[in-house]
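Protein chains in written order, with this note's numbering: chain A, 453 to 629; chain B, 80 to 639.
Everything hinted at is true.
Okay, derived cross-link-like pairs now, DSS-like style, lysine-lysine, Cα gap no bigger than 27 Å in a straight line:
1. A:Lys538 <-> B:Lys327
2. B:Lys464 <-> B:Lys474
3. B:Lys556 <-> B:Lys623
4. B:Lys578 <-> B:Lys294
5. B:Lys327 <-> B:Lys244
6. B:Lys244 <-> A:Lys538
None of these hints come from the bench; they were simulated from the model.
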Amino acid sequence: MAKLIKNGRIVSDDWQIVLLGEDGRAEDLALPAGKVIVPLSVWQAQREPIAARQGEIAVWLDGSDDPAQIVADLAALPLVAIRFPKFTDGRGYSSAALLRTRYGYTGELRAIGEVLRDQFQAFTRCGFDALQPAQDRYTDEQLERALASLGDFSAPYQRSVTETEPLFRRQQRGLAA
Amino acid sequence: MYRYDAYDQRNVDERVAQFRDQTHRYLAGELSEDEYRPLRLQNGLYIQRQAPMLRIAIPYGNLSSTQLRKLAAITRKYDKGYGHFSTRQNLQLNWPALENVPEILAELATVQMHAIQTSGNCIRNVTSDPFAGVAGDEIIDPRPWCEILRQWSSFHPEFTHLPRKFKIAVNGAEHDRAVIQAHDIGLDLVKNAEGAIGFRVLVGGGLGRTPVIGKEISPFVPWQHLLTYCESILRVYNRHGRRDNLYKARIKILVNALGIEEFRRQVEEEWIHHKDGPGTLTVDEVHRIADHFDDPAYATLPADDLGFEQKRVENKPFAAWVKRNVRSHKQPGYAAVVLSLKKTGVAPGDITAEQMDLVADWADAHAFGELRVTHEQNLVLADVKKSDLFALWQKARDAGLATPNIGLLTDIICCPGGDFCNLANAKSIPIAEAIQRRFDDLDYLYDIGELELNISGCMNACGHHHVGHIGVLGVDKNGSEWYQVTIGGDQGNDAAIGKVIGRAFAAAEMPDVIAKLIETYIDNRHEDERFVDTVRRIGLDPFKTRVYGEQQTQRKVVNG
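The following block holds chain A by itself, in its conformation from the complex (with noise of 0.2 Å):
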């Protein structure tokens, strides 16, 4: 079982990414069973045994997918994923703040991949409710600490996801340091 941050909090579930290999066909891979996470490749090449196992199938998108490929379907999905190949790789953010302000998606939006503390709060702030590390990348000590980054902040300049609206609108500015 995967240990990841869920709205604040530890927990931990049997979603099982899957990737495709260099030389895969989205169409070939085939779909272990439990509840996967799909490339967005295999998402679009088998839509029909995917559709035949609802609410078991995910999707993860990476850095160069674009978020506007999945809006028909982000009703039917349990969970979206968005995957960073590497953690200064920053595509992620602006997809995942498309698909809560621009596309209304309200579910599961998981961080993957190089996923760490030290970015915690900007994946929150982006509209990321799920934050998933590598596996063992950090002890469950060092998870526990980590719970911190997220609120590293307590009130930031700019307007976002979870902050609607800018500093300079949420509070009276001005009174002396």
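Fit chain B to the given chain A structure using the hints.
Leaving out everything else, chain B in the frame of chain A:
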């Protein structure tokens, strides 16, 4: 200048706590080198040739005397008693110990300072006109808008890992002194036909490996929409900028690849969703911030000060300093003073802790306790009574800060180069010094007139060599240091990228090369023509012939 409210203070304090914890985890082995790197960079901390380097943010170049005294104290306590002002109006310390950096940041936070986003692939410190608020040609004061951008860009969650660094500059005057055409976003404050304030927005300018002049993406974005428009540009860039090649990751490459029309279309399409949304600026917020930049309590003075005029007539060195280092001011009886950090024998932009303390004292005594840093790596006391100028000049002269060379050949813009920087291919400071020594005759310097000489130690172009009237670029050829020369570059309204004159030179040749370029100018110039004007009029050939022609002749002789 802007003073923090409780929220600004909380943000920098929380940042200090966050970085303290990150550094602790790094030293404890919980964070890898690769994981720690972007975190430290976004707090200004590089690992350099000699030691770590810490780049402290000086937002749009504004500093108070209290802040400058704190910087002096920090350089004494944690460094070697001096600092280096950079071409991005920041201050760099060359010798701090990594484990002390959280403590340095904590000390900075006590005077409303930080090192947030002075490096890394994020939105960097916003830069602007060092004469903002006092220049006679100002249309709109850029400082409130810079502060609005500073707050918006600090820890923006969507843009913490952009493809590459992102620099924004703001100009509000007729003459651009912020080099907005060489920035990722250049903002030009303008009024439209109805008198409404807005921004002409340029995008995709930049120096570095591929120098590009920014292109106009919008002739007028009303002020209310500044942040949503920038956010739209940033989102298109974050999603589509190249991430496969470090050297092709800046927004200029994306804008060039798509073409400005297509890039504009994508930004406008994005903007539809943000425009008039909650990110729209309010009158109240703009007023709240603009109030911090109200004029200081100027005395009512006559335009001319008789004592000052008399000293100018009597004292030739003072008159020379006034001519080169003192600028006119919108307020009668006042002037803006440039303190030169370009004394021969001192690395351009360097300042000692003692000098910092002195400048802080002068700011308190003569300039309402404030000063500015210029991207040319000098300091400005922006509001000095003309009647105080002589006394200030005497103090500055005694402290080695009154070299009367602003805008002249020896007022060299220069990066730290191979003496300090890991990225550099070649040293730059010794080249600057050798040129300064060759041109130490003030009368000759004045005769040459306005000339911008910019030196970068590598193609990252921190020394802005592309936009120097003469640009010098350090290059590596088979492990030795060589220098490529460009002429005809310019910053400001007529910004242009200089052209390479030919093969590169050894360090020892550089003073002679510069001398030949200058001689060619003097032989060919028309009256009132600056070096760069002559280059534009007659082209590169006469300069090339002078520089290379003679050398080729000499070589033939040597070869016998």
